[in-house]
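Protein chains: 4
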Amino acid sequence: MAIKEQQILDANSEHLSGHSAEFQALQHKLTNNGLPVEELIEQIQAFQVAIPSWALGAGGTRFGRFSIGGEPRNLEEKISDVGLIHALTQSAGSISLHIPWDIPENAAATLAFAKSHGIVFDAVNSNTFQDQSDQALSYKFGSLCHTDADVRAQAVAHNKAVIDIGESLGSKSLTVWLADGSAFPGQLNFREALARTLESLKEIYNYMPSDWKLFIEYKPYEPNFYSTVIQDWGTSHLLAAECGDRAYTLVDLGHHLPNTNIEQIVSTLIWRGKLGGFHFNDSKYGDDDLTVGSIKPYQLFLIFNELVEGMKNNASNNPPLAWMIDASHNLKDPIEDLIQSLEAIRLALAQALVVDQVKLKQARDQNDVTMAQEILHDAYRTDLRPLIREARRRSGGALHPITVYRGHAIREKLIEQRGLNTVATGL
Amino acid sequence: MAIKEQQILDANSEHLSGHSAEFQALQHKLTNNGLPVEELIEQIQAFQVAIPSWALGAGGTRFGRFSIGGEPRNLEEKISDVGLIHALTQSAGSISLHIPWDIPENAAATLAFAKSHGIVFDAVNSNTFQDQSDQALSYKFGSLCHTDADVRAQAVAHNKAVIDIGESLGSKSLTVWLADGSAFPGQLNFREALARTLESLKEIYNYMPSDWKLFIEYKPYEPNFYSTVIQDWGTSHLLAAECGDRAYTLVDLGHHLPNTNIEQIVSTLIWRGKLGGFHFNDSKYGDDDLTVGSIKPYQLFLIFNELVEGMKNNASNNPPLAWMIDASHNLKDPIEDLIQSLEAIRLALAQALVVDQVKLKQARDQNDVTMAQEILHDAYRTDLRPLIREARRRSGGALHPITVYRGHAIREKLIEQRGLNTVATGL
Amino acid sequence: MAIKEQQILDANSEHLSGHSAEFQALQHKLTNNGLPVEELIEQIQAFQVAIPSWALGAGGTRFGRFSIGGEPRNLEEKISDVGLIHALTQSAGSISLHIPWDIPENAAATLAFAKSHGIVFDAVNSNTFQDQSDQALSYKFGSLCHTDADVRAQAVAHNKAVIDIGESLGSKSLTVWLADGSAFPGQLNFREALARTLESLKEIYNYMPSDWKLFIEYKPYEPNFYSTVIQDWGTSHLLAAECGDRAYTLVDLGHHLPNTNIEQIVSTLIWRGKLGGFHFNDSKYGDDDLTVGSIKPYQLFLIFNELVEGMKNNASNNPPLAWMIDASHNLKDPIEDLIQSLEAIRLALAQALVVDQVKLKQARDQNDVTMAQEILHDAYRTDLRPLIREARRRSGGALHPITVYRGHAIREKLIEQRGLNTVATGL
Amino acid sequence: MAIKEQQILDANSEHLSGHSAEFQALQHKLTNNGLPVEELIEQIQAFQVAIPSWALGAGGTRFGRFSIGGEPRNLEEKISDVGLIHALTQSAGSISLHIPWDIPENAAATLAFAKSHGIVFDAVNSNTFQDQSDQALSYKFGSLCHTDADVRAQAVAHNKAVIDIGESLGSKSLTVWLADGSAFPGQLNFREALARTLESLKEIYNYMPSDWKLFIEYKPYEPNFYSTVIQDWGTSHLLAAECGDRAYTLVDLGHHLPNTNIEQIVSTLIWRGKLGGFHFNDSKYGDDDLTVGSIKPYQLFLIFNELVEGMKNNASNNPPLAWMIDASHNLKDPIEDLIQSLEAIRLALAQALVVDQVKLKQARDQNDVTMAQEILHDAYRTDLRPLIREARRRSGGALHPITVYRGHAIREKLIEQRGLNTVATGL
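Residue numbers (the numbering used here), protein chains in the order written: chain P, 1 to 427; chain F, 1 to 427; chain D, 1 to 427; chain S, 1 to 427.
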C-alpha cells in the first residue's frame, strides 16, 4: 500500500501558501535570534527513527486485544507499512526486526524490497521472553540468567542466530532486552543470576562481527513483578563495561520507576561514552507504551536537550545513537500513532536545537536559576512546527501526514486488502 | 481430583505431636495474655475466602504465558480444584464465577456438584473488558461509560444476564470491575463518561434481587494507561452512594497508586458503612497480582487490624464483607499459590485478632506512639501459625496443606488426567 | 518598593513593535481558526491569582534555608511585594493571609494600604500545624482531630479568630489545611480521628458568615509520614458534603501520590459542584512546591482544559474558583519565581481557551483518539505568549516583567532597604 | 544519665523465668532444625549499630518541630545518651559524629568519656548542605559540584578537617552525603557537575589515611527537587570506582524512588565488592526517616537475607559493613525510638540467620518458587524475639529495654537535668 510522491505533492500544494507564511515568520524570528535555520533543517531532516517490526499491528494487554483491521500479515507487509510512514514523514527510514517473529525467507529479496521503500535495517532484536512452539527448553524461569546451563546455551545460540540474520540484512547492532528476573522474593540468587547473565552476554558479544554494537536494555519490572536481572541503568552499565567497548546501555523511556530523572541518566551515560540508543514512548504509570510526547512532552524536550548538548560536547566519544520507537498501539491505528510519535520526537529535537546554549552556559555559570528556566522555556514554548514541516517537505514528505493518510483512506484499503481480523505475526 | 478425608488425617498424624506441643505453648502464652483461644479458633475457622473461577489456571502477561499443565478445562474441573483446596485448607468454601467464561450448562447440576465439594457460590463477576466472539458491539472504547447508548445497553444487559446466572446458583452479589477509561488525554470527557457510568450502574442495581448487593471496584490504571472511569475509592463511593443502600465499594489490594495508605481507605469506608468486600493479592509495583502476603505482609496485617477493629465497633452497620483472592499465577502452580495466599490471609487475621485493643486504645488516648507501635508489633511478631493450623485441623484440613498436596503428587495426576497444554477457559 | 506606571510603559515601548508584529500574526491565525481573540484577551485579563503572604520570602527544607535578601519584614512589605508583582503582571490582584503570621494591627489601615496597590484579600489560612510561643496546648499530635477535646476547642477557636480577621479585611473564604495525621501505624484510630475532624470542621463552618466558603485541602503525606487525616479528595469531599453547601474541596497540585490523574479529580469535583479552588505549584517527586509549569506543563494544560470546559458546561453550578500559587522559593528570588508561575498559569489557561471544543466533542463522540490528541496538541503547541503579553500590556502590565524587574535592580534596592538577612515572618 | 548494671539485672530478674521458658522452647525448635543456636547468639551479640550524634534530639520537618524535652545540649550529653541506649540494648556500641555540629573541644577527653560508656567512634560525617554562620562562601548552589572552584575548595577543605577530627577520635571512615543538585530543569549541566564532584571526591579520598574508607551516599531527591548529583547507586558506584579501592557506596534505605528493589542493589554491590555501609530507617513515601521496621519489616528481612548470604559467599572480598541508624524522631522520644529500631534490626538479622540456606539453594536450583517462598516465610514468621533477648541478656543488656527506660523515668530525669526546651546542637 504505497503512496505516490505525486499524491504527497498534490496534498502539500493545498497547504503550501499557509505553510510558507508560517515558516517565513518563524525563520525570521529564529534568524533574528542568531540561529542557523538552514543548518537546523538539515539536522532535523537527518534525524531518522527506526520503526520496530512489531509496531504495525494492534497491541494489547493481559486483559485482551482489540483488532484494528488491515494489520500486516508478514514481513513484507510490515516493511510496506514502514515504507508508507516513511514516505509521508521522511523520518522513519529504517526498520528494526524482531526474531523469531520476522525471519526473512530470502534475505536478498527482503533487502531489495526494503530498499525499494527507502528502508534500511536497524538493530535486530532477540526474543527470549516467550517460548516458541518448536523450542526445546522453556524460558519460563529465565534465559541468559537461567540456572540451567542448557537453557542459557539455547538462549545464547538464539542471539547468535539473530546476529546472523541481522548481518544478512545489513544490521549493525543487536538489542538485548531480557525479561529475566523473579516473581517472588527468594526465587533467585541475585548475584549468581547476574553473574550468569554477564557470562551469557559476553558470549554473545564475542560472537558479534567487529563492526557491530551490543545494546543492553534495563527495566525495573514487568513481566516479572518482584525483580528484573537488569533492573536499572547502573546494572546495564556494569554489564556493558564488562562486555567491552562496543557494548552500550539502551534507554527505553518507559523502563523506569516513578519520577525517575531520565535526562540525568542520559547525561551520565554520555559522560561515560556508553549510551547506545533509545526506545521512545511515553507513559503515565509504568511501561505504558503510549505515543511519544502524549503524556510528558516537556520531559522529552529535556531529554533531547541533554542529547543535543551532550553529543555536541562529546568528550568521551560516545558513538552516534540508535533511535527507535517502542510503543504499543492498543486503541489508535498504529500508522497514525507512529506518525504522531515521529512528529513529537522531531519537535522535541527542534526545541533542543534552538536552546540558546551560550546564554544557558552563562546562566549556569552564574547559578542564575530563573534565567536558565527562561531559556529552556523560550525554546520549548516556541511553535516550531513550521520548521518540522519545512524539513519534511524538503525531503519529499507530507506537510500534514495524517491528513494525507486519512484523505487517501489508506486504512480502509489495507483492510480490504488484508482483511479485518488479521493479527500481525508475533502479537 | 479429590483428596480423601482419611488421607488428610493420615498426613496430619505424622505431625500431630509436634503440632500439639507448639499449639499448647502458644495457647498457654495467649491465655496468659488474657486472650480467649477457643473463640479465636472459631473466628479463624469461620473465615472463608472465595476462589475466583479464573484463578485455577496459569496467568500471563502481555509478553506471554507459560503453561503449568493439568489446568481445568471446564467449570466442573474448576470447582473440583477449589474443592481440593478447600479440603486441604478448610478456608476456601466458595467460588466466584466469571461470566461468560463459566456459564453453567445446568445450574442445578452445577450446584449439586459444588455442594458435594462443600463449595457455595460467592459474588458473580461480569466481563465487559473483552470482546466475545459472538458479541454485536465492541467494548474497545468502553462499556458502561461508552458514548454509544447501544454499547451501554449491551453491557447492561450482560450484567443482568450475569445476575440471572448468579441467582440460579445462589449468589447474592454482583462485582463490577470496569476497564472503561482512556488511553490518551483528550479521548474522554471525564464528567460525561462518569455520568453515563452512573446511569448504567443504576440500571444494573435496580435489576438486582432485593437481597443482592452490588460491589463497585476501582482501579487507577490498566488496561487503560491514561485514565480509568472509576479511578479511586472516592469515585467508587460516589457511584455507590448514588446507586443506593445495597451498593458498596470493593477494595482490590493491587488497585492503588504507589504508597497508598490502603488501611485508611478501609477504615473510612467502614466509617461510612460502605465497604463491600476485598480482593486479596500482593504487589510491589502495580496490579502485580502476586501471592497474598508475599511482598508486604505487615501492610496486610494493618489492613486486617482495621477490619477487625472496625467491624467490632461497627457504628454504621457495615454489612459482613465478601472476601476473595484475586491473583495471577504466572510461575507457581495455582493450587500451591492459592494455599499460600489463604495461609497469609488467616495469619494476618489471627495477628489482628490478638492485638490488645484495650491497651491500644489507651496508648492512642495518651498519644503514646511508641507504645502503640509496641502493641502492634507484639501481635505481628508472635508466631501464630500453630493457631492457624489448629483451626484448620479441627475443621478437617491439613496441618501442612502443601506437603500433602505434593506428597500425593496431585499436579502430576492432574496433568495425566487433563493434559499438559490445557488452557483454563477464559485465560 | 513600587514600580511606576510610566516605568512599565517605558520598558514596554522598547519591545512594542516586535510584540505587535508577533501578536498580529497570532491574532490572524487564531481568527482564521474562528477564535474570538478579543474575548480571549478579556478572559485572560480577568484571570487573577492570589499570592500567599508567606511566598515573598525564601523557603527552605528540613535541611536548611538560604536567604535571598531583602525579604519582607512585615505584612505591609508583603503587600508591597505583591503590589509590585501585580503592577508588573496585572495578574496577581489579591493576597492570601496566613494567620498567625500576618495579623494586621489595624485592619482599616491594612485594607487601605492594599487598595493603594490594587490588591484585595483572598481566602484566609489558619495554622494548626505549628505551635506558637503563646499557645496553651500543643498541636504535636493533631489539632481538629486531636484526642483531647481541649486541643480541638483551641484549634476551632483559632479558626474562628482567623475568620474574624478575614472578615475585617473583606475576605470571603477560609482555607483549612491540616497536618493532622500519624507518623506510625497504630498511632491513630482512623475512624475516630476522622469523625472528630468532621465535628470540628462543622463548628468552624457554622461560625462562618453566610456569604463565606470553606475550602478543605487534602494531602497524602508530609509532615506526617504514615497517614494524613484528610488523605485524598475523596475524604475531603466526604467532609465537605457533610459540612454543607458552602464547603468545598481545594486541590493543591502537589498533594497527590505519584502518577495521580489530577485533571480527572478536577473534573469529578466540578461534576459534583464541589470544587472550591486551587493551589498552584509543580513537582517531580512529592509536595516539591516548585514554580508552576516548571516540571509538567502539559499536565497543567490538561487541568486547565478540564477547568475551562467544566465551568463552561457547569450543570452542577460549581461556584467560581479561588486561585492561589502555593510554592516555595528555595533558590530563586521569590518575586521572579512568582512571575514565572503567573506566566505559566496564564499560558495554560490560554492554551485551554483555544482548544477547539466543537471538534473535540466530535472526535470524542466518534472515539477518534488520534484526532482528540491532535486537537489538544494543536492548542498546546501554539505559541500563545503574544496573546498573554497583549492581555498584560492592555491591563497596564509589562510585556517582559522579569526584564523590567531586573532592569530596575529591584531586589538590590530591597536588600538595601530591608537588609540582607531578613527572614519573612512565619518562615 | 547512666543506668547501672545492677538496675538492669534487677529489672531482668522479674522477667527471667518467663524468658527462659520461651528461649528454651525456641532453642529446642531451632536446634531441631539443625541451627547452631550458640553461634547465632554470638553473631547477634556481635552486631553493633552506630547511633548518629544528631539522632538524640527531636527531629522536625519544614513545617515545624516539636520539642521532646531533655534533649542533649552538647557532645558529652549525646555520648551519654548513646551510652544509655547501649547499656540497655548492648547493640549500639558506637557513635557517628556530624561535623560541624559535634566538634570535640578536647579529643582525648571526649575519647575517654566515650570509652567510659563503652562507646567508640564510627564513621564521621561532613556537612556541606547548610551554611554555617562563620562560613566564607555559600553552599546554596552546591558544594563539591559547585561551578565556582573556590566553593569546591572550601567544601573539600571542610571534608579534610572532618577527617582530621575523625582521626583524633579513632574513626576509620568518612561518609559523604551531598545535597548537591538542582531545583529546576536547566539549572545544572549534569555532566559537568558530576565531573566536578568526582574531582572533589578524589581530592578528599587522597587525603584520607591509608586505613580509612570513603562512603559515598546517593539520594534521588530532597532537598533539591529536580535533580541530585549522585541520584542513585549507579552514580555512586561510578564515583567510588573512579576514586579507588577504599571508596564504597553507602545505602540509606530511605534514599530510593518508589518501589525500588533495594535488596537487589545490596546484592549487586556485594557482587562488586563495593558495598560500604548502611543507613537504617523506614519509610512509606520518601525519605521519611521513620523507625526501622515500622513500615516494611519484610523488606528489611529481605535485605538482611542478601547481606547474610552475600557476606557468607563473599567472592569479591567486600569488607565488613558499617551500620548506622539514620532516622528522624519527630514524635517519639528519640531514645525509645532508637531502641525500637535496634530491636527491629537485630530481629531482621536473626530471621536472615535462620533461613535454611541449603534448602533455599536447592529450591532455587530447581526453580521451585513456591518452596523458596516457604523457606523465607518460615524464617520470617518464626518468633525470634527470645533469641534476641537472650543475646542481649548475655551481653548485660535489658530483656525489655523500653520497660526499664520507662520504669526509671529517665526522660523525666533528663528534662529535670537539661530543661524542657533544649534543642540538640545542629538541629
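By construction, these hints were calculated from the structure, which means they are not laboratory data. Take the hints with a grain of salt, since some may be wrong.
Chain copies aren't distinguished; within one or between two, either way the pair holds.
[What the hints assert, rightly or not] Only pairs whose alpha carbons sit at most 20 Å apart, straight line, appear in this in silico SDA-like list of lysine to any residue:
id, residue 1, residue 2
1, Lys-29, Ser-17
2, Lys-29, Thr-382
3, Lys-29, Gly-18
4, Lys-4, Asn-314
5, Lys-29, Asp-383
6, Lys-140, His-400
7, Lys-359, Asp-148
8, Lys-361, Pro-209
9, Lys-29, Arg-411
10, Lys-359, Glu-5
11, Lys-361, Thr-403
Going down the list of hints, with the structure as the test:
1. Lys-29 x Ser-17: Both: 19 Å inside a copy, 13 Å across copies.
2. Lys-29 x Thr-382: Both, since 10 Å and 15 Å are each at most 20 Å.
3. Lys-29 x Gly-18: both (17 Å within a copy, 10 Å between copies)
4. Lys-4 x Asn-314: neither (40 Å within a copy, 49 Å between copies)
5. Lys-29 x Asp-383: Answer is both: 11 Å inside a copy and 13 Å across each meet the 20 Å cutoff.
6. Lys-140 x His-400: Cα proximity of Lys-140 and His-400: none, with 45 Å in one copy and 27 Å across.
7. Lys-359 x Asp-148: between (57 Å within a copy, 18 Å between copies)
8. Lys-361 x Pro-209: Neither: 41 Å inside a chain and 38 Å across chains, both beyond 20 Å.
9. Lys-29 x Arg-411: Neither way: Lys-29 and Arg-411 sit 39 Å apart in one copy and 32 Å across, limit 20 Å.
10. Lys-359 x Glu-5: neither (42 Å within a copy, 30 Å between copies)
11. Lys-361 x Thr-403: The answer is between: 19 Å across copies meets 20 Å, while 41 Å in one copy does not.
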